[in-house]
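Student: Residue-level listing of the chains:
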Amino acid sequence: MSAPYDAIVIGAGVNGLAAASYLAMAGKRVVVVDAQDKPGGLTARGGAAHTLYAFDPSVIRELKLARRGLAFAVRDMALVGLRAEGGHLVLTRDGYATARAIAVHSQADARAWAPFRREWFALAREMRALWWRAGLKNGEALVHDPRVEHFARMGAAAWLDSRFESDALKATLGFDAHALSPFATGSALLLLWRAAQEMCGLQGACAFPRGGLQTVVDALEDAARAAGAELRLRTLVADILVDRDARVTGVALASGETIAAPLVLSSLSRRRSLSYASLRAALGFGDVAEIEREKPGAQMAHVTLAVDVEPVIAGSTVPVRGRFVVAERLESLAMAHAAAQTGRLPNELTMEVTLPIAADATLAPAGRHLVSVLAGPLPMTVEGGWREAKPLLAAKVIAALSRHIPGLTKHLVGVEVLSPEDVREDYDADDAFGGGVDAARLLADWRTRVRTPVQGLILCGAAADPVGAVSGRGGRMAACFAFEQDAKK
Amino acid sequence: MTLLRASPFHARAADANRDNAWITRNGMTLAARYDDAEDEALAARLNVAIADISWRWRIACEGASAEAFLSRLMTRDAAGLAPGTSFKALWLSDAGGVRGAGLVARFGRETFQLVATAPDSEWIMSAAAMMGVQMRDVALETGGLAVIGPYANATLKAAELDAELEPLSFRKLSWRGIDVTVSRWGEHGGVEIWCAPDDGVLVWDRLMRAGDAFGIVPAGVAAMDILDLEAGVPRPGLDYSPARDAAGGDPMPSAIGLETLIDDAHKGFNGMKALLAARPARKLVGLEFDSAESAPFTPVFRGEKTVGQTFRSVYSPALKRAIALATVDVEASQPGIVLSLTLPATMARPELRKVSARVTRLPFLAAPVSIET
Amino acid sequence: MRYDAAIIGAGAEGLAAATILGQAGLSVIVIERGSQAGGRYSTREFHPGFRASPFVDDIAGIPPALCWTLDLARHGAIVAPPRRSSACWPDRRHELALGGNANDAAEALLATAAGHRDAIAANVLAGAKAVTPFSLLRRRDHPAWPAEAWATTTLDDALASANVAPDAAAHLAALALSGGVGDPFLQGSAIHLLAAGAQGHRLAGGPGRLAQALFDAARAAGAEFSFGLEASDIQRRDGRIVGVGLADGTEIATRSVISTLDLKRTFLNFFSWSALPKPLVQRVSAFRMAGSTARVLFALEDRSSLAASGAVCGPIQPAPDLVRMKEACQAWRAGVLADALPVTLNLVSSRDPSLAPPSGAVVTATLGAIPFRLFDGAWTFEKRELLRRRALEAAETIFPGFAQHVVGSDVIAPPDIEDALGATEGDLRGGEIAGDQMLGCGPWSEPVLPRTPIAGLYLAGSHLTATAFATCVAGAVAANALIADRARSRFP
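Protein chains in written order, with our numbering: chain F, 435 to 923; chain U, 2 to 374; chain P, 7 to 498.
One or more of the hints may lead you astray.
[What the hints assert, rightly or not] Far from chain P, some chain U residues (derived; all Cβ distances over 12 Å): (1) Ala-42; (2) Asp-206; (3) Ser-317.
[Stated by the list, open to error] Some chain F residues judged to face chain P by a derived CB distance under 8 Å, without partners named: (4) Gly-620; (5) Arg-714; (6) Asp-879.
Think of the hints as simulated: they come from the structure by calculation, not from any bench. All values derive from a computational prediction rather than experimental measurement. Heads up, the beta-carbon is just placed ideally off N, CA and C, and yes, glycines get one too.
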């Protein structure tokens, strides 16, 4: 009996659609199934991301997303550290201006900035060989490079402390490694990973798509359909079917229907993908134990505040189209992580704030403004439950921002909180980042993140990326792996 | 068929024997180790340990001709021995080979006891009968515990046992209601307590309680073997086969390092003529290996030539390396010479391994010095 | 006279180096500012009739090959490996057998850690003899360090992947972090499994006996000693070391120097910053210290309250708990004493009766997560009293009635450790136990760290990878490196 499809993609999120596009472009018959009623997954809902900083340029190029409507309102958002005592720190690509800004906090740091950034970005570029599967060789050898080893064993705090002295600069830079505590080994690698990314041809840039992240989803959906992939929404997968040799034969849907295919790509986390009943039986005890042991990392919550006047950040003039980091010191990040581990909300919240309307005026009706906040690190399960904690979190966010945006509480018309629990429940996703991050995951060969012990099941979601982010890279890598497997046959 | 016997301390030994590891010596069941042999050996060196020595072979020698017989048998003269003292000596075969090594203790004018680690009953008793002396095996009449370690004296003081004794002397006394004999016969600087079998458990308990403040542990046979080796003491039946043949001239006393137990001034002991005529070819030495793996009964090489053979070999926890007693040719027996051996394959190491061993003066380590409290 | 080598510090490392150099025929002088040798391995009377070691109860393991070279057993130092460790909760107890046969997952993990430690020590010792030209780039063919994975895993994960049960896991973590500080839930904390806290090799007569044996061995090897004067600077001419200056102005002429002080103290004390290359100063300043140990010694007149614990020997952890260890670590970072301080108790006199009169006992408490700099000021008498009270409370939970038998005590806080031993920030380990400061990732990313950018200067301080986990290895490594360099005539 010939299978009607060559591949089934579970999850019509950014990665799933990208994977489907690549497979369909290569002539395969692909069907994408998603339990939601519209594609886009977490990205569309506005889950843990409000800017685009890690989208794979190869995906944009190869899937011709620019032609399909992906354009950027802001190419290179400035990084602004909001300080409690004023004197906000603005870091941009302009080295001279940045040094002057840093000098306000510390002269020594201003002098140390340029060499640091040069070294940081140079090594990050080299490490693309490890993290971007773009046909570059020598990725494996990099892992044994002494500089990489050195960073692999370093905490971000140790690195930043050794180069800089002002809390303002260290905390602002260190926030981007928020997936791990700054004292944790491997968090320095996170900063390198962040700097290895490229948006709009600029290394380490953070961009804002015109029309919001929804346009990314729309462009990918367009690409997938144009390539010939089929999209089935409101379709929940109940089980992934395997034959006696632990090879995938298809999926069983909640409706009772089965779709047969020799290849299944899953956007879910590794743990969730492998927890389907038939698969569990096919795995070895060691694999199961390892999967059980995987713990979700630090989570972020997306808090959106709607205000009826344009929010103005008090203090020195700051570029409104930038991203604002609220973190007093590196220790604040560490304490937030520690609190998250014990299931508590941190006393001092750290967060990244953007003003979407300032970036792209088309995003909201006139008179309405949005303040988008990614708050974290936060625990996956908080004591007392997220239902009680959501208002507390919102209150903390508002309190923290009121210091910088005067009159915020007065003009507040709406608050929306997407908590880690919402992400898990609504999207069956385990967590938004595809699992906890550590140095081993960052340095592992890309194939180990993509493949599973089950033949024919490939991970294509955030779990396939070294660090979960809106990147499309997971889908691309999964497709590459699938082609590699085909070539071997 | 000889039945296995239990020692007078068996009940306590069984309680303390964690892994149920037993061994038999001279037909008596003893704990090979109570917990970990190396631990126990170290405790005997650093704190205090008690060891069951009830398995030692003891025969009583009584009668008017006892003194004369013993002088004829042993390589030391029994005539000068005062009651309450003892000496260590060898007894040889007619051809001058070592049949046994032991200690002769004089209890009275006509009462002696011979204490050794390996029995030689039939030959000695028939020799005694020829001279009209009565000998009887008295090992079953008493049990013995050795108390060894720097805090041995402190333990005995805490137990209210008066053990003020010269080395190689002994005496009977009453210890809080029980009759015991205390002696300093051992090679490890400790004290032995001999008691009636029925009093065994009581003696054990008293000592363990008194030694608690000093970290007392019971030491099994394996630990005592480690101490024997570190002290450079070879044992018949364990290191070498004693001469059993009337014509057996091996092993020679010097080949097994026991020539010091022969009194040159003493004449007329069995095998003396053969001994004087012989020329020693081998000597007993200590070998220190450059490894932690021991090599018992393995040939020893100097370059390509075989120059000797190891006896027992153990890992010494005090020296942190394997050691061995070995008998080697006299030319290769200077301390400092480096010899080599090949370790046989084991499960953990399937290939042969060549190891170098340095000749060392015996003893490897001196007996622990007593710490007075 | 010009010595071939001057060794700064007559602790275990300095004495080991002196012995090895002396045995190789070099002329050696050991410079010690105290009145006797021994460094942290000393035993002193802290109350009439009661003695204890103020800094450490036990020593970290010495590789057998070094025991043979230094002939410790014949000089009177017989080292017994650690055997037992216990953790006591109000309702239950957990015991670990250290060394020997591994009966369960926890003991197997400890055995693995011990194997890694031995392999690292062997690695470092072997590397020392090879002559590597000093360079800032590491050789790429250097083999992976055993336990490299532990440098990036959390302690909690390492225990979980070894399938260690919860009680045993808490016990193991407490043992590994004993006297130190670490967050079991933070990546990189698994490296503490290698730490000296998990060892506990003891000698009769205490650590002081080791110092005595090493001193005898060094003297037998021909080393000379200078006591009572501190080394104040290292003199160089034309880029070569020519001598060591002492506090009273005298100069000892020497061709090379081995410093057993920690990294920061060596460079920041003996040289003027302007004389050192700038990258070196930067790296040394960025080196992180993590002083976190305090000790409280108790003299008890009556052993009866200790009898309840039966044949307990080895370190005792009262109610270890992973979350509390994490909180203690956070508090330590903030310069605050945590509410629940990690404490390890040790009945040292039960294994070494010479420390106390027969009816009495000496119990030591080793506290971890003690900040060197307190958030709210200096180490006053009240603060030390607070430490004493905490230790007493911990002891009461294990031995009810403990407090009423205490007749004397002594508190050693981190500043006291710094004053007595010259250990920067009271850090007995010579630096933070972290993957980027050891396992070949030291300040200069060299697999074998004794060599420095300064020709003729060798380091044998406690920051060296192997010596965070072993004793005497740093000294041996420095000595071997010196000998190898001389053989290649790297300096006259």
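Student: Look at each hint and say if it fits the structure.
Tutor: Okay, the hints, checked on the actual structure:
no., hint, in the structure
1, Ala-42, "violated (10 Å)"
2, Asp-206, "holds (15 Å)"
3, Ser-317, "violated (8 Å)"
4, Gly-620, "holds (5 Å)"
5, Arg-714, "violated (19 Å)"
6, Asp-879, "violated (15 Å)"
Hints 1, 3, 5 and 6 from the earlier list are contradicted by this structure; the remaining hints agree with it.
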